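Chain order of the listed sequences is A and B.
Note that the numbering used here numbers the first sequence so that position 190 is 196, with each residue one more than the last.
Note that the numbering used here numbers the second sequence so that position 52 is 59, with each residue one more than the last.
What the hints contain is simulated information worked out from the structure, not anything from laboratory work.
Just so it is clear, the structure is predicted and the values come from calculations on it, not from any experiment.
No residue lacks a Cβ here, since even glycine has one placed at the ideal position from N, Cα and C.
Errors might be hidden in some of the hints.
Stated by the list, open to error - Capping the alpha-carbon separation at 20 Å, the derived lysine to aspartate or glutamate pairs in EDC-like fashion look like this: (1) K141(B) with D95(B); (2) K8(A) with E281(B); (3) K132(B) with E87(B); (4) K141(B) with E106(B); (5) K8(A) with E106(B); (6) K280(A) with E56(A); (7) K280(A) with E234(A); (8) K280(A) with E66(A); (9) K136(B) with E98(B); (10) K32(A) with E265(B); (11) K248(A) with D35(A); (12) K192(B) with E247(B); (13) K141(B) with D124(B); (14) K8(A) with E265(B); (15) K132(B) with D162(B); (16) K248(A) with E98(B); (17) K32(A) with D162(B); (18) K280(A) with D35(A); (19) K192(B) with E56(A).
Said to hold, decoys possible - FRET-style restraints, in silico, Cβ to Cβ: (20) P22(A) with R222(B): 22 to 32 Å; (21) V271(B) with L294(A): 42 to 52 Å; (22) Q244(B) with P22(A): 23 to 33 Å; (23) R138(B) with D28(A): 28 to 38 Å; (24) G207(B) with P266(A): 48 to 58 Å; (25) P292(B) with P53(A): 57 to 67 Å; (26) D28(A) with E87(B): 36 to 46 Å; (27) K32(A) with R100(B): 25 to 35 Å; (28) R315(B) with R251(A): 33 to 43 Å; (29) K32(A) with L86(B): 15 to 25 Å; (30) K32(A) with P181(B): 43 to 53 Å; (31) E87(B) with R36(A): 44 to 54 Å.
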Amino acid sequence: MKPLSEQNLYEILEVPCDAPEDDIVKAWDRVSALCVPGALATYTLMPPDEAALLGRRLEEALTILLDPTERQRYDAQLSPTPAPRRGGSDNASSGEVRPARRRLPPIIPARAMPPVLRPLAALEEPQELVAAAALAEATVSAVEPEPIPLQRVAVVETATESAAPTPTPTSTSTPTVTPTVTEAPPLAATPSALPELVPRAAPIPRPQELVVAEGTRFDGDMLRRAREQRGITLPQLCERTKISRHHVENLEAGRYDKLPAAVYLRGILMALAKELRLDGQKVARSYLELMASARPPPAR
Amino acid sequence: MADTRSLKLVTGPADAPRARAVRVAPRLGRVLSVGGGKGGIGKSLVATNLAIELSRRGEKVVLVDADLGGANLHTGLGLEPPKRTLQDFLEGRARRIEEVLTPTGLPNLALVSGAIDRVDSAHPKYAQKARLVKSLTALQADHVVVDLGAGTHLDVLDLFLVSDHGLLVLVPEPASVENGYRFLKAAFWRRVRNVVSAHGLEAQLRAVMADGTFRSPAEILRALSTQHPLAGALLAQQLEVFRPRLVVNQTRTPQDAEVGQAVVMAWRKFFGLELDYLGHVPHDPEMWHAMRARRPLLVHAPDAPSARSIGLIADQLAALDAAAGRSGRTT
Numbered sequence: 007m008k009p010l011s012e013q014n015l016y017e018i019l020e021v022p023c024d025a026p027e028d029d030i031v032k033a034w035d036r037v038s039a040l041c042v043p044g045a046l047a048t049y050t051l052m053p054p055d056e057a058a059l060l061g062r063r064l065e066e067a068l069t070i071l072l073d074p075t076e077r078q079r080y081d082a083q084l085s086p087t088p089a090p091r092r093g094g095s096d097n098a099s100s101g102e103v104r105p106a107r108r109r110l111p112p113i114i115p116a117r118a119m120p121p122v123l124r125p126l127a128a129l130e131e132p133q134e135l136v137a138a139a140a141l142a143e144a145t146v147s148a149v150e151p152e153p154i155p156l157q158r159v160a161v162v163e164t165a166t167e168s169a170a171p172t173p174t175p176t177s178t179s180t181p182t183v184t185p186t187v188t189e190a191p192p193l194a195a196t197p198s199a200l201p202e203l204v205p206r207a208a209p210i211p212r213p214q215e216l217v218v219a220e221g222t223r224f225d226g227d228m229l230r231r232a233r234e235q236r237g238i239t240l241p242q243l244c245e246r247t248k249i250s251r252h253h254v255e256n257l258e259a260g261r262y263d264k265l266p267a268a269v270y271l272r273g274i275l276m277a278l279a280k281e282l283r284l285d286g287q288k289v290a291r292s293y294l295e296l297m298a299s300a301r302p303p304p305a306r
Numbered sequence: 008m009a010d011t012r013s014l015k016l017v018t019g020p021a022d023a024p025r026a027r028a029v030r031v032a033p034r035l036g037r038v039l040s041v042g043g044g045k046g047g048i049g050k051s052l053v054a055t056n057l058a059i060e061l062s063r064r065g066e067k068v069v070l071v072d073a074d075l076g077g078a079n080l081h082t083g084l085g086l087e088p089p090k091r092t093l094q095d096f097l098e099g100r101a102r103r104i105e106e107v108l109t110p111t112g113l114p115n116l117a118l119v120s121g122a123i124d125r126v127d128s129a130h131p132k133y134a135q136k137a138r139l140v141k142s143l144t145a146l147q148a149d150h151v152v153v154d155l156g157a158g159t160h161l162d163v164l165d166l167f168l169v170s171d172h173g174l175l176v177l178v179p180e181p182a183s184v185e186n187g188y189r190f191l192k193a194a195f196w197r198r199v200r201n202v203v204s205a206h207g208l209e210a211q212l213r214a215v216m217a218d219g220t221f222r223s224p225a226e227i228l229r230a231l232s233t234q235h236p237l238a239g240a241l242l243a244q245q246l247e248v249f250r251p252r253l254v255v256n257q258t259r260t261p262q263d264a265e266v267g268q269a270v271v272m273a274w275r276k277f278f279g280l281e282l283d284y285l286g287h288v289p290h291d292p293e294m295w296h297a298m299r300a301r302r303p304l305l306v307h308a309p310d311a312p313s314a315r316s317i318g319l320i321a322d323q324l325a326a327l328d329a330a331a332g333r334s335g336r337t338t
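Okay, chain A solo, but in the shape it has when bound (with noise of 0.2 Å):
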């Protein structure tokens, strides 16, 4: 058993390393109540000094568990093999997963596309299917695109068969490349049209869509509006993300002597952006950044 100070953010949250985003949520609720002042479960049990470490490390669960980016990075970090969840078919060594791995993060934002943390990620979404729809379409009739698996089989492959630590981009880049293989020109397309979006990803704003500048406070008014302007009713919102009503009413009012704990109220913001198709992380620090200035913190 390793100090709570030499665990990772896995350990800390005991999940596995592939645990999807609402496990680690879950874990996260689970392992922070235990260092909520007043906790039954870890009185007399916990010195002042660890409750404010497990703290720490939790907050920085947050931030980095949540935040696709932010985690594959982390997850590089703890092993330089590839972590099982980015799929287990490969049985590539170490070697040949290299490039596989630097090829990843434009797959990233499509994995993430149903709950989107990330507002660019939102917007980005649409234009990115029509164009890879249409680059498919432009090369070979139109398969569904299957990005993640068909894209490793291709990076192994190619690798294999060419013996060559980087052969991928060469291949990749390539798109009007003729199709030898039979199943060649799908693998190629859906890679290939993902990098070259990502340069030009001008967020072009839907109407109905509320256009997030970069450095927006979010206050109350500005999580209402964000609701209202997606069509959520109060009781719909509370309905989906299971917080009670006047938690939200509280929180968009701004009534911050009414809301509960930094630790609880992180939560909520998160499960509320998330809601609302907002950053996550952005949401609760701004906001929790007002609270802060607006009334001293409370003594723990």
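Use these hints to put chain B onto chain A, whose structure you have.
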């Protein structure tokens, strides 16, 4: 604690064959003890009703009231204070513990009453305790359920440590949680000390522990292993096998029902050891009615939610036994 002779309850490898010879019917999960540190949290209730539950499953069960000085299991069972008690056994008037068994009126269940009037018998001497432990483990029964007294007295800890299942009862209140942790820590260090001293390595452990302030066994293990690998290995083994079971009693809210899992997690996070959570017993007015009627809950209201939860706890214990049977003994 240091100046008291400890029972050599955990025998070294050399003693193993002899220990097996003492056991009449060696099997898993035979001796269950119920402790908890604090008084009034339902240790006796859990012990009595668990014993009844097991006896109703066709197992022969002996319920032992080891709350010397505060024994009252006979009252909970609706019996008059038994004529023959542990006192007769401890003072040698009864040569065998079987002679002080009292029928309970319930099939498959007998009681060893601890109703003791003489004060000095409430604190048995070392030889008496050793004889009691030996007799309990040799009893001709499928299960021996031992109800322990409150506190972290060595008599209590030793009985807790010799059992196959040491059950810790908690109620979701700070005082009970505090005493529960204190009880677990005391039991753990008692056990470690017994094992380490059985190998003559007590001085080494004491030297390491005097060196610095340690929070958890894991930290001590690290320090001990660097200086005395053998003592370290022994401690590491104890970290593995010390696995009490947890029962949360008197849960009133859904949050209370989750206290068990939280305690297991907290114990692992901050003390580095494992607990097995058996389940919770909901707070139930029927319990109070049953006690006032001087009848066990399982007899008074077998369909009450609290009574049914006892069945689930027995299921969990059986599951643990089954798992231990597959992979060697754990406790």
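Hint check:
1. Annotation: proposed proximity of K141(B) to D95(B) holds, straight-line Cα distance about 16 Å (limit 20 Å).
2. Between the alpha carbons of K8(A) and E281(B) the distance comes to roughly 14 Å, so the proposed pair stays at or under 20 Å and holds.
3. The suggested pairing of K132(B) with E87(B) is violated, with an alpha-carbon distance near 28 Å, which exceeds 20 Å.
4. In summary, the hint linking K141(B) to E106(B) is supported, as the alpha carbons are separated by about 15 Å, within the 20 Å threshold.
5. Between K8(A) and E106(B) the alpha-carbon distance is near 51 Å, which puts this suggested pair outside the 20 Å criterion.
6. At most 20 Å may separate the alpha-carbon atoms for a hinted pair to count; K280(A) and E56(A) exceed this at roughly 31 Å.
7. Distance restraint check for K280(A) and E234(A): the Cα-Cα separation of roughly 15 Å lies within the 20 Å cut-off, and the hinted pair is therefore satisfied.
8. For the hint linking K280(A) to E66(A), the alpha-carbon distance of about 19 Å falls within 20 Å, and the restraint holds.
9. Taken as a hint, the K136(B) and E98(B) pair is honoured in the structure, with Cα atoms around 11 Å apart against an allowance of 20 Å.
10. Between K32(A) and E265(B), the direct Cα distance comes to roughly 14 Å. Compliance with the 20 Å bound is thereby established for this hinted pair.
11. A hinted pair counts as satisfied when its Cα atoms are at most 20 Å apart, and K248(A) with D35(A) qualifies at roughly 14 Å.
12. Taking the CA atoms of K192(B) and E247(B), the gap is about 15 Å. The hint holds against a cut of 20 Å.
13. For the proposed pair K141(B) and D124(B), the alpha carbon gap of about 24 Å is over 20 Å, so the pair is violated.
14. Proposed proximity of K8(A) and E265(B) is contradicted: the alpha carbons are some 25 Å apart, above 20 Å.
15. A threshold of 20 Å between alpha carbons decides the hint, and for K132(B) with D162(B) the separation of about 9 Å falls inside it, so the pair holds.
16. In summary, the hint linking K248(A) to E98(B) is not supported, as the alpha carbons are separated by about 64 Å, beyond the 20 Å threshold.
17. Simply put, K32(A) and D162(B) have alpha-carbon atoms about 42 Å apart, too far for the 20 Å limit, and the pair is violated.
18. At most 20 Å may separate the alpha-carbon atoms for a hinted pair to count; K280(A) and D35(A) meet this at roughly 16 Å.
19. For a cut-off of 20 Å, the pair hint linking K192(B) to E56(A) stands: about 18 Å separates their Cα positions.
20. Taking the beta carbon of each, P22(A) and R222(B) are about 27 Å apart, inside 22 to 32 Å as hinted.
21. For the pair V271(B) and L294(A), the beta carbons lie near 31 Å from each other, so the given range of 42 to 52 Å is not met.
22. A hinted range of 23 to 33 Å holds for the C-beta pair Q244(B) and P22(A), which are about 27 Å apart.
23. R138(B) and D28(A) have their C-beta atoms about 57 Å apart, which leaves the hinted 28 to 38 Å range violated.
24. Here the CB-CB span from G207(B) to P266(A) is close to 55 Å, well matched to the stated 48 to 58 Å.
25. Checked against the hint of 57 to 67 Å, the C-beta distance between P292(B) and P53(A) comes to roughly 39 Å, which is inconsistent with it.
26. For the pair D28(A) and E87(B), the beta carbons lie near 59 Å from each other, so the given range of 36 to 46 Å is not met.
27. Between K32(A) and R100(B), the C-beta spacing of about 59 Å breaks the proposed range 25 to 35 Å.
28. Look at R315(B) against R251(A): about 35 Å separates their beta carbons, and that is inside 33 to 43 Å.
29. Under the hint 15 to 25 Å, the C-beta atoms of K32(A) and L86(B), about 48 Å apart, miss the expected range.
30. Between K32(A) and P181(B) the CB atoms are about 26 Å apart, so this pair departs from the stated range of 43 to 53 Å.
31. Taking the beta carbon of each, E87(B) and R36(A) are about 49 Å apart, inside 44 to 54 Å as hinted.
Checked against the numbered hints listed earlier, the structure breaks hints 3, 5, 6, 13, 14, 16, 17, 21, 23, 25, 26, 27, 29, 30; every other hint is satisfied.
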